[in-house]
Amino acid sequence: MLDINKIKNDFPILKREIHGKPLVYLDNAATTLKPVSVVERIRQYYLMETSNIHRGVYYLSEQGTLAFEAVRKKIKDFIGAGDTSEIIFTKSATESINLVAHSFGRTYIKEGDEILITEMEHHSNIVPWQMLCQEIGCLIKVIPIDDEGSIRFDQYEEMLNPKVKLVSLLHVSNALGSINPVKKIIDSAHRLNIPVLIDGTQAVSNTHVNVRELDCDFYVFSGHKIFGPTGIGVLYGKASWLEAMPPFLGGGDMILSVTFEKTIYNHIPYKFEAGTPPIAEVIGLGSAIDYILSIGLPLITSHAEELALYGTQALQTVPGIRLIGTAANKRPIFSFVFEEIHPHDIGTLLDRQGIAVRTGHHCTQPVMHRYQVPATTRASFSIYNSKEDMDKLIQVLMSVKDRFK
Amino acid sequence: MNASERDELYQELILEHNKKPRNYRKIDNPSHAVEGYNPICGDHIYLYLKMDENKIIEDIAFEGSGCAISKSSASLLTMTLKGKTEQEARQLFAEFHDLLTGKMDLQKSGHHLGKLAVFSGIWQYPSRIKCASLAWHALESALKDGKKQVSTE
Ligand SMILES: Cc1ncc(COP(=O)(O)O)c(C=O)c1O
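Chains as they are written, first to last, in the working numbering: chain A, 1 to 405; chain B, 1 to 153.
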């Protein structure tokens, strides 16, 4: 069992009162809170270790480079990659997907080819492909989901055909909480030699991920959703793809030699890391992974499973609540509509009681269309959240209902 | 939630207009018709006006879906503006705008807001100001262009 009270102590923001009420933070799918250790590590870097990395011959730069590259190794181990050269630092999950769309997409996808995504994708895994389609004339095909919010695997298998050049889908849905059967999905695609990109943004903080066991071709996530800073994302790619793909951005660090006639690109991963990287953010992300490991991923996973089960049952017993996303296999992300009360009214009134939730379309407008709602209220839980937070949410929802009677 | 915990935004008047919006209907052959849209929350408001030759608002009504703030604001707008001139409507829009942005001192300024003053607390909720102004932006655009769609973004 997670020692939630102990964990809470690592997050000073949880001692804050909002509108005179203790903060209950239930917007973890948008961003997680940051533990002291992560912020202290970043502070330490800026105050005592600042230097630009790579190529510096002085002590601080050498040490900085070591610290930076140690995080690459840490991430490689964390997600089970084969080699550090397969870990590329980006600005965010969004940028990671855009990198693949630009570099892989323009090289390997041609007019008339198909890209499969699911009906539950975040806009960041829709729009880059649409931009590619506009440019080269390829097509997006959408794998449907069922009423519970699980992928229609039978339909997915029927959609696989030689024209499909990429399957790109999320591991855990930020709107529905559903966990996709990514291993099965990857295996089916690989039978036709189709590469697969997994958007693990909502998965890596609570789910064991091993990219070699999964055998995915690409895996992406953002630092700020796993207790790390904003401005840092990760792209894992199989070395064979990354070596074959052209660079994304050009500039310093991604080259071996430059003349006005010809530039020789650097090896991977540096080929994809133009310019000064977000050094402090990378170091902070390393500290966030240390934090996760210090608590223990298996414990975090069981906590998430327990909250998913408890929350689903609790919310479904509230009269007037329609829970959207009831897959058997899900994380504690609860989207719902309540009576006829608009989510923005719910969000404001919960906030007055110190409860932070997200309201709106959660960057998944197609999901809102699928369930024919303009918007939902979404409560998403993390390691510092307990069943009591769910009880409190429900209790305040009941009082909101009274006011709208 | 007891009375002392009541926040300033959801006043009884707002909740009441949300439940029973006034002039919630369509107008046949309107002189002006506009759709107001807030893509952030998916709120849609259709505003209809019938203005006579003397630029007096003979009839005004709305339809659509939205949160309690946008719906009650639209309802109060129609109640307030029926029978007013175009000039008076523009004046009220300016005053209401000042109210939403916290620039209006209700005690001091000689204003014409009447029941619209119920939104005086909203400047403390920056994310909700657009909800209260949606119908008003639709009105402004109707007066300018006659018939079209406006978006708060
Ligand atoms: C599933 C999923 N993918 C991608 C993203 C995009 O993450 P970022 O905005 O950090 O790039 C999010 C963020 O909400 C997400 O939930």
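Just to be clear, a hint being listed does not mean it is correct.
[What the hints assert, rightly or not] Calculated lysine-lysine pairs in the DSS-like style (CA-CA distance at most 27 angstroms, straight line):
hint : chain 1 : residue 1 : chain 2 : residue 2
1    : A       : K91       : A       : K73
2    : A       : K401      : B       : K115
3    : A       : K73       : A       : K183
4    : A       : K405      : B       : K20
5    : A       : K405      : B       : K84
6    : A       : K392      : A       : K6
7    : B       : K144      : A       : K401
8    : A       : K262      : A       : K73
9    : A       : K405      : B       : K144
10   : A       : K405      : B       : K115
11   : B       : K108      : B       : K144
12   : A       : K183      : A       : K141
13   : B       : K130      : A       : K401
14   : B       : K50       : B       : K26
15   : B       : K84       : B       : K20
16   : B       : K55       : A       : K401
17   : A       : K110      : A       : K76
18   : B       : K19       : B       : K55
19   : A       : K74       : A       : K110
20   : A       : K21       : A       : K6
21   : B       : K26       : B       : K103
22   : A       : K405      : A       : K21
23   : B       : K108      : B       : K26
24   : B       : K115      : B       : K144
[As the list claims (entries may be wrong)] Here are the in silico distance ranges between beta carbons for each label pair:
hint : chain 1 : residue 1 : chain 2 : residue 2 : range
25   : B       : E16       : A       : I394      : 23 to 29 angstroms
26   : B       : M79       : A       : I394      : 50 to 56 angstroms
27   : A       : A30       : B       : E16       : 30 to 36 angstroms
Bear in mind the hints are in silico, worked out from the structure with no lab data behind them.
Everything numeric in this text was worked out from a predicted model, so none of it was measured.
We put the CB at the ideal spot given by N, CA and C, even for glycine.
K110 of chain A paired with K76 of chain A [C-alpha distance capped at 27 angstroms]:
Status violated; Cα separation ~32 angstroms.
Pair hint K55 of chain B and K401 of chain A, alpha-carbon separation not exceeding 27 angstroms:
43 angstroms, violated
When you check the alpha-carbon spacing of K108 of chain B and K144 of chain B, does it fall within 27 angstroms?
31 angstroms, violated
Restraint check for K91 of chain A with K73 of chain A, where alpha carbons must lie at most 27 angstroms apart
18 angstroms, holds
Is it true that the CA of K19 of chain B sits at most 27 angstroms from the CA of K55 of chain B?
31 angstroms, violated
Run the distance test for K130 of chain B versus K401 of chain A: straight-line Cα separation, threshold 27 angstroms.
23 angstroms, holds
Kindly confirm whether 30 to 36 angstroms is satisfied by the beta carbon distance between A30 of chain A and E16 of chain B.
With Cβ atoms ~33 angstroms apart, the hint holds.
Are the Cα positions of K84 of chain B and K20 of chain B separated by 27 angstroms at most?
Holds, at about 23 angstroms.
Holds or violated: K405 of chain A with K84 of chain B, Cα cutoff 27 angstroms?
Between K405 of chain A and K84 of chain B the Cα gap is close to 33 angstroms, so the pair fails against 27 angstroms, i.e. violated.
For K262 of chain A and K73 of chain A, compute the direct alpha-carbon distance and say whether it is at most 27 angstroms.
32 angstroms, violated
Can you confirm whether the C-alpha distance between K144 of chain B and K401 of chain A stays at or below 27 angstroms?
Not satisfied, since the Cα-Cα distance of roughly 40 angstroms exceeds 27 angstroms.
Straight-line alpha-carbon gap K115 of chain B to K144 of chain B, limit 27 angstroms
25 angstroms, holds
Hint compliance for this structure: hints 5, 7, 8, 9, 11, 16, 17, 18, 19, 21, 23, 26 are not met, and every other hint is.
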